[in-house]
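Number of protein chains: 2
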Amino acid sequence: MKLTCTQDNFKKAIYNSERVVSKQNTLPILNNILFEGDKSGLRVSATNLEIGVTVKIGARVEKEGKITIPAKIISSFINNLPAGENITLETSDQSLKIKSGSARATIKGLSAEDFPLLPKKTANPILFIPGENLKNIITRVISCVAFNETRTELTGVNVVFGEKEIFFAATDGFRLSESIFALDDKNTNKEEYDLFRNKKDNVIIPAATLVELLRVIQSKEDSEVKITIEEGQIFFEADGTIIISRLINGKYPEYKHIMPKEYKTRVVGERSALQSAVKMASLFSGGKASEVALKISAEEKKMAVGAMSAEVGENSSELKLDVVGPSQEMVFNSKYLLDGLNTIATSKMTLLANNGSTAAALKEINEQTGEVLEGYTYIVMPIKN
Amino acid sequence: MKLTCTQDNFKKAIYNSERVVSKQNTLPILNNILFEGDKSGLRVSATNLEIGVTVKIGARVEKEGKITIPAKIISSFINNLPAGENITLETSDQSLKIKSGSARATIKGLSAEDFPLLPKKTANPILFIPGENLKNIITRVISCVAFNETRTELTGVNVVFGEKEIFFAATDGFRLSESIFALDDKNTNKEEYDLFRNKKDNVIIPAATLVELLRVIQSKEDSEVKITIEEGQIFFEADGTIIISRLINGKYPEYKHIMPKEYKTRVVGERSALQSAVKMASLFSGGKASEVALKISAEEKKMAVGAMSAEVGENSSELKLDVVGPSQEMVFNSKYLLDGLNTIATSKMTLLANNGSTAAALKEINEQTGEVLEGYTYIVMPIKN
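Each protein sequence line maps, in turn, to chains A and B. Heads up: the first sequence at position 244 corresponds to 289 in my numbering, and the numbers run straight through without jumps. Heads up: the second sequence at position 13 corresponds to 58 in my numbering, and the numbers run straight through without jumps.
Be a bit skeptical, because a hint or two may be false.
Because identical chains cannot be distinguished in the list, a pair is counted as satisfied if it fits within a single copy or across any two copies.
Unchecked claim - With a Cα cut of at most 27 Å, we get these calculated DSSO-like pairs of lysine-lysine: (1) Lys347 <-> Lys393; (2) Lys68 <-> Lys306; (3) Lys333 <-> Lys309; (4) Lys340 <-> Lys144; (5) Lys56 <-> Lys380; (6) Lys153 <-> Lys209; (7) Lys231 <-> Lys324; (8) Lys408 <-> Lys209.
Because the hints were derived from the structure by calculation, they are not lab data. Remember, it's a predicted structure, so these values are computed and weren't measured experimentally.
For reference, chain A alone in the conformation it holds in the complex (with noise of 0.2 Å):
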């Protein structure tokens, strides 16, 4: 193999596939990146054989050819390049020599023969989604994935796909978070999508994946992910990178049920406002479940935030907001609201509830019309007295 790319190009090569190589790997080539040079330029894949990435960059080959180079030394080489100056790269028997302006190196290498194949994308993308909703989608969802977890459905997001939307949901048993994405012309493939979810209308995907894709989506307007979904894998396509994804077997809890359809309790305030009362409470709650308490008065519009322990003393804050429905007194994980709470993107939320005993919900609220908005929501269980 004999190229050259820019080194902007390269860079973003190795960015987007380095953080799938796994840190302690008991097989070498897994620590290894793998790069192709063939007609149609060069290809830079990573694998921890759970999620792989394959990134495509422009480049004139003068000859083709394969290797595979340790990622830390790629990685870390490349970001004390002198900026600008092309990279021209050429194998030469196991190792990968490499030149840029007056840098030179020579990087020993493994044979690409022996690095794992990543599985070939035959269908077709069924799904288009902008990146920038992608992401908002991704970012508050994964707050409620339960890690290290015996039931490994519940270490993926489970998307449901509707007829007019897609449903985004993950949980951990204690809390729930669901976010909605409404289809429109643009965003499908109509036939094949309709063909995909008649047959199987939902998937789980594991979060690590998630994570990943939140990192090569670029933050452009126009930057879209095409998604493609065979034979328990996932394709992720943003920007000439492809990540690809095993799915995660098995049947996603029925969540829909604990839902609350509606909420006889509607609290409408600025969220940091609420999210420092209960960081200050959570300093005082006692027990494991590091319990703050909520009272809602309706006459008074306001809500007390308050938290006591036997060792540390006694905390209460109180905030005026707009009250809708009865009073209610709840006991909620303090840590659990806050997660919620981080979640709301707009400056004002909702926290709806029926009763100290079910589950009460976190909105976000349009700033300009004040109108709830239905598109996210986090559900929450209180604590019972």
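Starting from the structure of chain A, add chain B where the hints point.
Then chain B, alone, in the frame of chain A:
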């Protein structure tokens, strides 16, 4: 005690004192901050028995008194208070009641009687150093302090009081940094300074104390640090905060001997280019010392930076730069060379050397005039071949 103060002042007092509170202390009272209200205002103090901090702030004191409460609780608590409102503190039994806006807390504490007495300053300051200057000096020399060292004198910064300048130096036996502060009339209490330095011309200040001082010095043009030394203690006063620390006993090594008086070869170039080249080479350098070779060619006005190892491969970069004097070949521990380059604040730097087996120096270059700045020197020993 009952008093009211502004939230900003209170936050500053907690911020400046909380850090010295030791994290895992067997003596519970050392996890606490001492609050003392009297007619002069509020004094907030903390100590880990090595370093003490006292911050004085203005307060409207209705009733004098004192108490100690856990640093961790009060610090997190005030970080979540709604901004702007004043703070009222009131002791009640062994607790401190805090009110600010609609927030209330009662934090359990321990009696102020059990808090260790901080040494009181009786002498006058001998030195007045502008905050920015002291900050720059500390930031540079501290990189060479030895941590976890059996020779305790090397865990501090040596300060030598000359007639017209003060020398700050640190070394861990492998490299050395020295920063010189030129005194003018404003900087000393002349008579007391001379009296002091006639008795004792140096002190060794613990590095941990200087790290605290860095936090306390505000980035204001007119900030000034007053320094008082008496009986094995040093006092730093800056913007209402006093840091009290023991000095290190022991004899500091005669480091001036290892600083060459002159250098045969002088290289001048861009700091960042040399940093990148050394970082790149360090990826390829084998052996415990992470060896990087510099080859300075006087004829070609360039320097080659390179390394090789049997496992990783090899690397070299060439830098164009000004060379005065004979060619040189030297091998350095890449970490020590990089640590030195990181302390150079100017974009151009000079490397000064005599041969491959005696100390080399890094210095800063005035970016306007191109002159060598003599105020700061980083000395690094080459690895003998």
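Structure versus earlier hints, numbers of those that do not hold, lowest first
2, 3, 6 and 7
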